[in-house]
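Based on the provided sequences and hints, a complete structural model is requested.
Heads up: the sequence shown begins at 178 in our numbering, then just goes up one per residue.
Simulated from the structure, these hints should not be mistaken for laboratory data.
Among the hints, erroneous ones may be present.
As a list, the in silico BS3-like pairs of lysine-lysine whose alpha-carbon atoms are at most 30 Å apart [to be verified]: (1) K262 with K232; (2) K239 with K277; (3) K195 with K277; (4) K262 with K277; (5) K232 with K243; (6) K239 with K262; (7) K232 with K277; (8) K277 with K243; (9) K239 with K279; (10) K262 with K279; (11) K279 with K243; (12) K232 with K195.
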Amino acid sequence: MLIGILVCGSYITGSPSKRSDIDVHIILSDNCDWRERGNLYVNGYLIEYFINPPKQIRSYFKEDFKDRSTMSMVQFLSGIIFLDKEGIVHELVEEARSWKDKEYDKLILPIIYSSILSVEEVPYYQLFRYNLEIL
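See below:
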């Protein structure tokens, strides 16, 4: 059963490029095990959609934190909620904020995204806070 829709990405944040797509998270109830990810064109716009239950999205937050990635969290924190039948999408946004604010125990001189992002983009993607204690 459909319980929520969140739209995110560069069109939502106001910085689309000619290669940008529109990201749409379609959230199903937790008793649904069906997941899908795909792309389609609508009126000349590329739409990338993600269909998942909340338990899978929570798993993405946890995996991303473990991998020191913020992609799933940034999507939920910067997205616009279009539908939230049960309040779950708002909960997921707050959980994304909680994961983003979580500190790693130790930091070993990471160079985060420096080889793939411009200086201006790093603050947008690198949202984690670090305990600067060196091992």
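Each hint, compared with the structure:
1. Between K262 and K232 the alpha-carbon distance is near 16 Å, which keeps this suggested pair within the 30 Å criterion.
2. Taking the CA atoms of K239 and K277, the gap is near 10 Å; set against the 30 Å cutoff, the hint holds.
3. A hinted pair counts as satisfied when its Cα atoms are at most 30 Å apart, and K195 with K277 qualifies at roughly 29 Å.
4. Between the alpha carbons of K262 and K277 the distance comes to roughly 25 Å, so the proposed pair stays at or under 30 Å and holds.
5. About 17 Å separates the Cα atoms of K232 and K243, which keeps this hinted pair within 30 Å; it holds.
6. For the suggested pair K239 and K262, the alpha carbons sit about 24 Å apart, so the restraint of at most 30 Å is met.
7. As the CA atoms of K232 and K277 are separated by approximately 18 Å, the hinted pair is consistent with the 30 Å bound.
8. Distance check on the hinted pair: K277 and K243 sit about 12 Å apart at the alpha-carbon level, within 30 Å; holds.
9. Of the pairs offered as hints, the one joining K239 and K279 holds, with about 11 Å between alpha carbons and a cut-off of 30 Å not exceeded.
10. As the CA atoms of K262 and K279 are separated by approximately 28 Å, the hinted pair is consistent with the 30 Å bound.
11. As the CA atoms of K279 and K243 are separated by approximately 11 Å, the hinted pair is consistent with the 30 Å bound.
12. Between K232 and K195 the alpha-carbon distance is near 33 Å, which puts this suggested pair outside the 30 Å criterion.
When the structure is compared with the earlier hints, a violation turns up for hint 12 alone.
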